[in-house]
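Construct the entire structure; sequences and hints are all you get.
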Amino acid sequence: GAGVSQSPSNKVTEKGKDVELRCDPISGHTALYWYRQSLGQGLEFLIYFQGNSAPDKSGLPSDRFSAERTGGSVSTLTIQRTQQEDSAVYLCASSLAGPTLFNSPLHFGNGTRLTVT
Amino acid sequence: GDSVTQMEGPVTLSEEAFLTINCTYTATGYPSLFWYVQYPGEGLQLLLKATKADDKGSNKGFEATYRKETTSFHLEKGSVQVSDSAVYFCALSDTNAGKSTFGDGTTLTVKP
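Residue numbers (the working numbering), protein chains in the order written: chain A, 477 to 593; chain B, 5 to 116.
Errors might be hidden in some of the hints.
One side of the interface only, derived from the structure: several residues of chain B facing chain A at Cβ under 8 Å [said to hold, decoys possible]: (1) V15; (2) L23; (3) Y43; (4) Q49; (5) K53; (6) T55; (7) A57; (8) F93; (9) S97; (10) K103; (11) S104; (12) F106; (13) G107; (14) D108; (15) G109.
Listed next, the in silico EDC-like pairs over lysine to aspartate or glutamate satisfying Cα-Cα at most 20 Å (straight line) [unchecked claim]: (16) A:K487 to B:E46; (17) A:K493 to A:E561; (18) A:K533 to B:E19; (19) B:K56 to B:D6; (20) B:K56 to B:E73; (21) B:K64 to B:E19; (22) A:K533 to B:D6; (23) B:K115 to B:E73; (24) B:K60 to B:D98.
Treat the hints as calculated values from the structure; they're not laboratory data. Every residue, glycine too, gets a C-beta built ideally from N, C-alpha and C.
In structure tokens form, the structure reads like this:
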């Protein structure tokens with residue numbers, strides 16, 4: 477079946493512009509995560525959704541970052557007034573995990589490579 | 005809060021050498037533990053997992069045992085191959101936290 481789909485795969489934008497990154501999770505997966513991976517670095521947690529709710533937004537770096545999820549499916553990560561330090565690969569993952577299925581692994585998309593010039 | 009600490013890299017080994025990548029964790033609940041792998045140019049994928057104490061996860065010759073007494077989940081392989089060169093991430097999923105927490109990743113390079 478289809479995996480986690482992210483679009484665009486690459487995005488080059490000018491400093492100060494807004495960008496939207498999209499994630500289509502695996503059908504039926506209730507949990508959705510956004511992570512950021514900078515070159516040579518580990519995974520930086522951004523936000524976690526359970527259904528349409530975001531119980532944990534603690535990883536969002538600043539108020540320029542926001543995310544929403546609708547219909548328990550597609551999620552959009554929006555970065556306003558982009559800065560050069562926002563350049564990274566943004567990864568989305570989905571999972572069956574929930575309060576009673578916490579041992580379900582994450583399924584990752586291939587990421588969106590964002591370059592802010 | 006939850007945290008995962010991985011052995012710092014990079015790790016460079018010769019083919020057929022024995023591999024250990026250390027991973028320890030702290031968790032507020034009773035977590036499941038995972039190893040993910042990211043091959044060059046590819047996305048992150050699950051390598052193996054263990055869901056309760058003393059469970060051993062295994063895949064592709066890699067093994068890791070869930071040790072509750074030492075809060076560890078070390079990754080091992082008896083004989084590495086060049087194709088094992090990748091970045092390895094230890095992670096946990098916790099009932100209390102709800103989200104998955106990842107270590108910083110360990111880069112493994114295997115030379116012929």
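Consistency of the hints with the structure:
1. V15: Violated, about 15 Å.
2. L23: violated (19 Å)
3. Y43: violated (12 Å)
4. Q49: holds (7 Å)
5. K53: Since the shortest Cβ distance to chain A is 6 Å, the answer is holds.
6. T55: Because about 4 Å separates T55 of chain B from the closest Cβ in chain A, which is inside the 8 Å limit, the hint holds.
7. A57: It is violated, given that the least Cβ distance between A57 of chain B and chain A is near 13 Å, above 8 Å.
8. F93: holds (7 Å)
9. S97: Hint holds; S97 of chain B Cβ to chain A Cβ min 5 Å, cut 8 Å.
10. K103: Status holds, d = 4 Å.
11. S104: This interface hint holds because 6 Å falls under the 8 Å limit.
12. F106: At 4 Å from the nearest chain A Cβ, F106 of chain B passes the 8 Å test, so the hint holds.
13. G107: This interface hint holds because 7 Å falls under the 8 Å limit.
14. D108: This hint holds: D108 of chain B lies near chain A, its Cβ roughly 4 Å from the closest one there, short of 8 Å.
15. G109: With a minimum Cβ separation of about 4 Å from chain A (threshold 8 Å), the hint on G109 of chain B holds.
16. A:K487 to B:E46: OK: K487 of chain A and E46 of chain B at ~18 Å, within 20 Å.
17. A:K493 to A:E561: holds (13 Å)
18. A:K533 to B:E19: Not satisfied, since the Cα-Cα distance of roughly 43 Å exceeds 20 Å.
19. B:K56 to B:D6: holds (17 Å)
20. B:K56 to B:E73: Holds. K56 of chain B to E73 of chain B sits at ~12 Å (cutoff 20 Å).
21. B:K64 to B:E19: holds (15 Å)
22. A:K533 to B:D6: Judged against 20 Å, a Cα distance of about 15 Å means the pair holds.
23. B:K115 to B:E73: The hint is violated at about 35 Å.
24. B:K60 to B:D98: This hinted pair holds, its Cα atoms lying about 18 Å apart.
Taken one by one, the earlier hints fail for this structure at numbers 1, 2, 3, 7, 18 and 23, listed in ascending order.
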